[in-house]
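Chains as they are written, first to last, in numbering that gives the first Met the number 0: chain A, 0 to 253; chain B, 0 to 221; chain C, 0 to 254.
Each statement offered as a hint is correct.
In silico DSSO-like cross-links for lysine-lysine, where the CA-CA straight-line distance does not exceed 30 Å: (1) C:K76 / B:K131; (2) B:K120 / C:K33; (3) C:K77 / B:K52; (4) A:K56 / B:K16; (5) B:K120 / C:K118; (6) C:K25 / C:K241; (7) C:K71 / B:K131; (8) B:K16 / A:K70; (9) C:K115 / B:K120; (10) B:K131 / C:K114; (11) A:K252 / A:K56; (12) C:K114 / B:K120; (13) A:K247 / A:K63; (14) C:K21 / B:K120; (15) B:K120 / C:K76; (16) A:K202 / A:K115; (17) C:K25 / B:K120.
Quick list of simulated restraints, FRET-style, between CB atoms: (18) B:L112 / A:T98: 54 to 62 Å; (19) C:D61 / B:I209: 44 to 52 Å; (20) B:K52 / C:N193: 50 to 58 Å.
A few chain A residues that don't get close to chain B, going by computed Cβ distances all over 12 Å: (21) G135; (22) K137; (23) A147; (24) W149; (25) E151; (26) K156; (27) E163; (28) Q220; (29) K252.
Derived by calculation from the structure, the hints in this document are not laboratory data.
Small disclaimer: the values here were computed from a predicted structure and weren't measured.
Each residue gets a CB set at the ideal place from its N, CA and C atoms; glycine is no exception.
Now for the letters of each chain:
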Amino acid sequence: MRMRILVGIVLVVSCLFWVNVNLGSAEEKVIINGIDANFPPFAYVDKNGNPDGFDVKSVDWIAKEMGFKVKHQPMDWDGIIPSLNAKKIDMIASGLSVTDERKKQVAYTIPYWVIKQVLVVKNDSDLTPETALANGNKIGVQRGTSEAKWMEENLIKKEGKDFELVYYDSAPLSVEDVLNGRIVAAAMDDAPANDAVSKKPVKIIGGFGMHDEEFAYAVRQDDADLLNTLNEGLKKLMASPEWEELQKQYDLKQ
Amino acid sequence: MTEGFVAVINALPYMLKGSLVTIGVVFGAMGLGLSLGVPLAVGLVYGPGWLRKIIGFYVWFFRGVPLLVLLFLFYFGLFSWMGINFSAFSAGTIVLGLISAAYQSQIFRGAMLSLPEGQLKAARALGMSDVKAILFIILPQALRLSVPGWSNEYSIVLKDSAVTYALGVAEIMARTHFVASRTYQHLPLYIAAGMMYLLMTYIGVKGLRILEKNVRIPGYSY
Amino acid sequence: MARTDNNPVLKVENVRKSFGDKEILKGLSLSVKKGEVKVIIGPSGGGKSTLLQCINFLVVPDEGEVWLEGRKINYAKKRELYAYRQQVGMIFQDFNLFDHLTALENVQIGLVRVKKMDKVSAHERAAAELRRVGLAEHAGHYPAQLSGGQKQRVSIARALAMDPKVMLLDEPTSALDPELIGEVHAVIKDLVANGMTMLMATHQIGFASVLADEIIFMEDGCIVEQGPPTQILLNAQCTRTKEFCAKITHLSADS
Chain A
0 MRMRILVGIV LVVSCLFWVN VNLGSAEEKV IINGIDANFP PFAYVDKNGN
50 PDGFDVKSVD WIAKEMGFKV KHQPMDWDGI IPSLNAKKID MIASGLSVTD
100 ERKKQVAYTI PYWVIKQVLV VKNDSDLTPE TALANGNKIG VQRGTSEAKW
150 MEENLIKKEG KDFELVYYDS APLSVEDVLN GRIVAAAMDD APANDAVSKK
200 PVKIIGGFGM HDEEFAYAVR QDDADLLNTL NEGLKKLMAS PEWEELQKQY
250 DLKQ
Chain B
0 MTEGFVAVIN ALPYMLKGSL VTIGVVFGAM GLGLSLGVPL AVGLVYGPGW
50 LRKIIGFYVW FFRGVPLLVL LFLFYFGLFS WMGINFSAFS AGTIVLGLIS
100 AAYQSQIFRG AMLSLPEGQL KAARALGMSD VKAILFIILP QALRLSVPGW
150 SNEYSIVLKD SAVTYALGVA EIMARTHFVA SRTYQHLPLY IAAGMMYLLM
200 TYIGVKGLRI LEKNVRIPGY SY
Chain C
0 MARTDNNPVL KVENVRKSFG DKEILKGLSL SVKKGEVKVI IGPSGGGKST
50 LLQCINFLVV PDEGEVWLEG RKINYAKKRE LYAYRQQVGM IFQDFNLFDH
100 LTALENVQIG LVRVKKMDKV SAHERAAAEL RRVGLAEHAG HYPAQLSGGQ
150 KQRVSIARAL AMDPKVMLLD EPTSALDPEL IGEVHAVIKD LVANGMTMLM
200 ATHQIGFASV LADEIIFMED GCIVEQGPPT QILLNAQCTR TKEFCAKITH
250 LSADS
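Pulled out of the complex, with its shape left as it was, chain A reads as follows (with noise of 0.2 Å):
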């Protein structure tokens, strides 16, 4: 009898779950955009678990000025192109570089961010970028970036630089072991570089070498509509005064 009632209470309790499933699916049309909320200043959640940061503020005001509804979903970066080629999400505003790679995958809005490439050491360091990406040094940096990519193709294999790299799900993540001793330097964009610099004992020590990167928005190949609308809207949001109002809020300096 127990065990009928044991038994009963594990059904019911898929029959929720599968009515959850349903549920989640009749949801009217919002434009999902996943972030890598481990990405501050650009991305994060704030203290009550609020999507955050300035570009998702950016495209909350452009989808409340060109008439959309957006939700924003944090996720794993590693995933978040699969993720919007299997239409999980609808595009990707979260410090997204542009890369002829990854040009191959999404379709591009127009830039609205220079960032430059950066190396993180510990205050009390003396390196310099020469010396820290020499004698073997570790140095860390966020799987899945592009600057990962560039140093591995350029630094280490072309020019033949003798240092290791040492992959991190997020840049604060290598942060964090900078200060550990685990890895001399962290290469970060400048924007995360300028948030560790805030809120830890670390200093920046300057570029890499890697040429500037610039940020746009993404999304599918086929969806030009939604193209078009983000770059109208991104177009007006940066021609008002908003655009400099977000940049100070967000302590971003070009």
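With chain A's structure known, arrange chains B and C on it following the hints.
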């Protein structure tokens, strides 16, 4: 360290909500694993040769392929290809459930094989069909014997649920990582997350222990 | 009156069974008439248990036919097989009570799940059968809470509840401690007194001689000799039967 403590306190409501997501994934997966694992086990023990081979392949596949690979394979591959638009939560739960079914089928199979042969014989001698005998005689006993095995499976599924973050499921680990990226208080936050998992393991295992006592057959020693 | 009926209730013809190279049953035939009690004796490993299990197809015979009340059983047809087994009560050496059910539920389950009887009538009938074997006060106990003798009585009640036309008893007391054998024997005697048709394998020669209409001596998968108890036990034609009976009578006298 006080900074870390403050960060943990501030993040606690957010992370606790994540534990609800984790519980949802775990319960869904365990439920699916149970409802699939039982027929799989019955097929393994009493099914014809070809069925045993198919189930054997299923178990081999889901036990052999790493969780992350399966998650990506199903979420970005199979489900999309089939045109089913599951949410990350549903997809993660289903994949964990399919894996759990493979493991649970082995738990049930062991339990069924440990029952004396005479139970089935006596049921047949009463004129029961094999289906009835399995349903009314074998399974009620095998499921009771499986409860301790579930404890083990529960704690494994609980920990595996953290990997669903790769699909974007906002469970405990994902949320911990998000908060840490904003506050740079990685260590205290991960300690807090670890404690939440330990607590959930403790409660779940305790609950199953109580269940085990409740369904125990009086006088019967396992 | 019942005993004058000449058509056998159960007829077994030319049953053969091998496990691997070993031939356990070498073409056995026997029949039991209504109200008749036949007892199979013989050394362990002689095929008694296999024979009984072949009769209701718990072990599928390689060859041979089984007839119930003049109807040949086609065991390949599931429906026919299940209907047949309902009419043949089986008592096992090690009881095989369903461990997760109480004594009452053990008796009741066949009525509810196989005979589709409603719960109230099934409950009444099960309680009545438990009373009949003297276990009314143990109805709520689980098998693990019962003694061996009580378990075997429950299993007899379980079989009786199905209204069997014939009962097969496979050494019903050989797994019991000596002091518990008596209560089970009493129940079986009561059944015989009420005219139950029976085929029983046993080592309890004294018990068999009192009850049996006929004793069948079986060895190496063959029936060596059969006849009324007095003939088999006191005046056996075959030396093997004589030897076996002498040995087993001696043993029973000891205990």
